[in-house]
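Colleague: From first to last, the protein sequence lines stand for chains V and U. Its first residue numbered 1, the first sequence is counted upward by one per residue in full-length UniProt numbering. Its first residue numbered 1, the second sequence is counted upward by one per residue in full-length UniProt numbering.
Treat the hints as calculated values from the structure; they're not laboratory data. Where is the CB? At the ideal position from N, CA and C, for every residue including glycine. Keep in mind that the hints are not guaranteed to be accurate.
A partial selection of chain V residues facing chain U, derived with a Cβ cut-off under 8 Å [as the list claims (entries may be wrong)]:
1) Asp82
2) Ala83
3) Thr105
4) Asn109
5) Tyr110
6) Ser112
7) Trp113
8) Asp115
9) Asp117
10) Lys119
11) Ser126
12) Leu303
13) Asn304
14) Asp307
15) Ser315
16) Lys317
Derived lysine-lysine pairs resembling DSS-like cross-links, with alpha carbons at most 30 Å apart [what the hints assert, rightly or not]:
17) Lys306/V with Lys47/U
18) Lys104/U with Lys295/V
19) Lys119/V with Lys206/V
20) Lys119/V with Lys135/U
21) Lys47/U with Lys317/V
22) Lys371/V with Lys47/U
23) Lys107/V with Lys413/V
24) Lys413/V with Lys63/U
25) Lys107/V with Lys135/U
26) Lys47/U with Lys300/V
27) Lys333/V with Lys135/U
28) Lys335/V with Lys300/V
29) Lys63/U with Lys146/V
30) Lys135/U with Lys85/V
31) Lys177/V with Lys478/V
32) Lys333/V with Lys107/U
33) Lys205/V with Lys104/U
34) Lys47/U with Lys206/V
35) Lys47/U with Lys227/V
36) Lys135/U with Lys374/V
37) Lys333/V with Lys449/V
38) Lys104/U with Lys177/U
39) Lys287/V with Lys227/V
40) Lys213/V with Lys177/U
Okay, here's what each chain looks like letter by letter:
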Amino acid sequence: MKKKTGRRSLVTLTTAALALSLLAGCGGNNNSGNSANGANSGTDGNKDTAAATDSTTSMAAPAETGIDTSKKVELQFYMLGDAPKDLPVIQDEINKMAQEELNATVKFNYTSWTDWDQKYKLLLSSGQAIDLIFTADWTQYQSYAKRGAFLAIDDLLPKAAPELQKFVPESMWEDVKVDGKIYTVPATYKEYVTNGFVYREDLRKKYDLPVPKDLASYEAYMDGIVKNEPDMMPMSLNSDIGNNLHYIYTELNKMIGALPYGMGVKYESPTTVYSYWGSDEQKEELKTMKRWADKGFIPKNVLNIKDTMQDPVTSGKAASMFGDNPTRYNDMKMKISTTHPEWELAYSPFGLTTGYATPVHPIHNGFAIPKSSKNPERALAFYEKLVLDKRYNQLTQYGIEGKNYTVEDGYYKLVGTSASNGFSREGMNGWAWRNPEFMLFDKGFDGVKAIFDELDKIQKPDLFLGFAEDYSSYQAEKAALEQVEKQYLFPLEAGLVEDIDKGLETFMQKAKQAGLEKIQTEWTKQWNAYVAEKGIK
Amino acid sequence: MQIKDDHYTRLLQGLAYTVIILGSLACLIPFLLIISASLTANESIIKDGYHLIPAQFSVEGYKTVFTFPDEVLRAYGVTLFTTVTGTLLGLFFMTMAGYVLARKDFKYRNTFSFYIYFTTLFGGGLVPWYIMITKYLHLTDSYGALIFPGLMTPFLIILMKNFIRSAVPEELFESAKIDGAGDFKIYWRIVLQLSMPGIATVSLFLALAYWNDWFSSSLFINDPHKYQLQFHLYNVINSAAFIANMGAGTGVSLGSDLPTESTKMAMAIVVTGPILFLYPFIQRYFVKGLTIGAVKG
């Protein structure tokens, strides 16, 4: 009796388990059925669809590329950010062409900006079949390449995308190499994301203040604002002190980029590495910030401000920004011109002060083929189309002409507003396949172009972003140091600590406890190896 | 004596009222602040900060939210669907599991119990979980990815098992058996009827977990049409923050309009609204279930 009931309960349990797996099956089918999604990107799925399409389209793929396109495939494309509303329409249009020319369709997947870095890591480490994924210095391109997440495309390029190989300058291919191999297709559009002072020109004229060009004139400008407009914040700031005060300050002092761990390397002498933390130079920075805080330029609660940097300026709460890049300055200017036409915003790029400006490094925007890709050849051939075929390119950058945008006097014009239009300019986040020859600009972009032209005259290459830091040997110390920075360095950098010397001493002591010396030695070693390898002097 | 007693009672009452009033104010004021902010003009929020009474009245925030009501409504639909299906299915599976494990005559009871208990102590971690769901179960972009992971929560199974064991006397199984009931019938007609408070508790936990879930969307859903409500909201706010902060070093243009402060607040109100109105009506059942469950279980 007892045994019998036991068996029966077991039966119930297995029934439940069966029901569960049945449901799982349903979910799976549903999924692949309604969106032809790549979850079933195993060979079976491909075979099925190939068989289905073979009879209808009978392989219209021309053999213009040197790759085998006899089997139909679906490419999995992974992008950062949010998908535009009209994406399905655009994707269908693209697929119509790609089906015919490459016997391939593509699915654009988006990670969304929420927790994108974690998702990015999972996508690459889980071995999912992905054919193309966005890369950039800020998505740790070099470290993923080093760890073998991407496929080296050196041999694939001449075969699958010969035109693209010719189109991208040789020097750029050289610059994106990691350990001598190419892992990403760089973008060729040249832009500057260097900083510059953003300030209210109308207020400057009204109170006869100097034009902010360097630290001294900027300080004088803010002095004037504090005196004449007591209700206004002289500069817009938020809790991200490191990026909004410190790195801007060091950029103005000719440091190369945002170096971690208090390392210091000057643009003129890239082979000399020193510890910026604890140096007289840093003391000078901290003193300046202390003075600015005392004068009321830096609010007491700055570490709690969560506003964006731009909002206070566009709403008239703040009179300037220590630094921002030309594109974003232009966006603000455009916004103000519609909401407050009586205000005037102006910009003076740091390049004019420091004497040089560096356009973005080729690894700043690109696409790589992950190791897990099932169709690397087709992926590269398709990517070539995106960059070099005007129809593909403009469709994915601007949407459908007439529906999403119109061209007037050579200028791009959005139809309706960005809220009503399902595909705004560069709505797919396709920054990496911008092709300067096909690019359309909004009329308001002329301002940015003017700044870019000015910076072009003094441009110098950014040689240093190709550096791939390998922090595996000091991962624990790195994490500990980040905590120490937050706790002891940020208040110093925001000018909130009364006694600078003592504050700096405490910070240095805590940083050393966290393992600063080990990190700095290791980093210096890697840096020296890098400049030696690239022949930078 | 009588008077003194009264005095203390009154003191206690006064104290209790003060604490409750302060407590509810602490809960209410932030909420009022959100309502007020959602009705304030965005510029006024940035310039003057948040106020309990809008400094500059505006319904712009709500207008923006409802320019595309379909997005919010669709996210609502997804969350409602996953919550209802997930809770019902989850309840069924977990009470089943609880019942089976509570039966002393089930031979592998201890093995299974240990197996379930073990997973509460040791998990594979995020990466294996992710690989399991995307590569082996192929649930990317399906509602399954939102529903399945919550169906068999070990903690709730153990809770259910203990509850059934204490609420349903073992003799009942035998007597039902003598009367000719099968195992499933015993489960359906007897065990379920007797463990209603336990079921209420578990369903509360389940429903809340499904309603508040955003992580599954974040990991497994690429199609914006299948975003859960919480994730939709979280994502809108996050994208704005990301583009505004990262843009400086990346050249990402601010071209498209970002949601303003007042829009974010309006969205928060729209999202929480219905559950707020619903909660007071259902809440008393929950309270009953929880207390009974607590006392007996």
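Colleague: Next step is simple, just say for each hint if it's right about the structure.
Modeller: Here's how the hints hold up against the structure:
1. Asp82: Constraint on Asp82/V satisfied, holds at 6 Å.
2. Ala83: holds, 6 Å
3. Thr105: This hint is violated: Thr105/V lies away from chain U, its Cβ roughly 16 Å from the closest one there, beyond 8 Å.
4. Asn109: Constraint on Asn109/V satisfied, holds at 4 Å.
5. Tyr110: holds, 6 Å
6. Ser112: holds, 5 Å
7. Trp113: holds, 4 Å
8. Asp115: holds, 5 Å
9. Asp117: violated, 10 Å
10. Lys119: This hint holds: Lys119/V lies near chain U, its Cβ roughly 7 Å from the closest one there, short of 8 Å.
11. Ser126: Holds. Min distance 5 Å.
12. Leu303: At about 15 Å, which exceeds the 8 Å cut-off, the nearest Cβ of chain U leaves the hint on Leu303/V violated.
13. Asn304: violated, 12 Å
14. Asp307: It holds, given that the least Cβ distance between Asp307/V and chain U is near 6 Å, below 8 Å.
15. Ser315: holds, 4 Å
16. Lys317: Holds, because the Cβ-Cβ distance from Lys317/V to chain U comes to roughly 5 Å (cut-off 8 Å).
17. Lys306/V with Lys47/U: With Cα atoms ~13 Å apart, Lys306/V and Lys47/U stay inside 30 Å; holds.
18. Lys104/U with Lys295/V: violated, 77 Å
19. Lys119/V with Lys206/V: violated, 50 Å
20. Lys119/V with Lys135/U: holds, 15 Å
21. Lys47/U with Lys317/V: Holds - the C-alpha atoms of Lys317/V and Lys47/U are around 6 Å apart, at most 30 Å.
22. Lys371/V with Lys47/U: violated, 50 Å
23. Lys107/V with Lys413/V: holds, 27 Å
24. Lys413/V with Lys63/U: holds, 24 Å
25. Lys107/V with Lys135/U: With a Cα-Cα distance of about 17 Å, the restraint between Lys107/V and Lys135/U holds, given a limit of 30 Å.
26. Lys47/U with Lys300/V: Cα-Cα ~17 Å, so holds.
27. Lys333/V with Lys135/U: Roughly 47 Å separates the two Cα atoms, so the pair is violated.
28. Lys335/V with Lys300/V: holds, 29 Å
29. Lys63/U with Lys146/V: Since the Cα atoms of Lys63/U and Lys146/V sit roughly 49 Å apart, the hinted pair is violated (cutoff 30 Å).
30. Lys135/U with Lys85/V: Given pair Lys135/U, Lys85/V holds - Cα atoms ~28 Å apart, limit 30 Å.
31. Lys177/V with Lys478/V: holds, 26 Å
32. Lys333/V with Lys107/U: violated, 75 Å
33. Lys205/V with Lys104/U: violated, 88 Å
34. Lys47/U with Lys206/V: Since the Cα atoms of Lys47/U and Lys206/V sit roughly 22 Å apart, the hinted pair holds (cutoff 30 Å).
35. Lys47/U with Lys227/V: Given pair Lys47/U, Lys227/V holds - Cα atoms ~19 Å apart, limit 30 Å.
36. Lys135/U with Lys374/V: holds, 14 Å
37. Lys333/V with Lys449/V: Between Lys333/V and Lys449/V the Cα gap is close to 14 Å, so the pair holds against 30 Å.
38. Lys104/U with Lys177/U: It holds: about 15 Å lies between the C-alpha atoms, which stays within 30 Å.
39. Lys287/V with Lys227/V: holds, 22 Å
40. Lys213/V with Lys177/U: Since the Cα atoms of Lys213/V and Lys177/U sit roughly 91 Å apart, the hinted pair is violated (cutoff 30 Å).
The structure fails to meet hints 3, 9, 12, 13, 18, 19, 22, 27, 29, 32, 33 and 40 from the earlier list, while all remaining hints are met.
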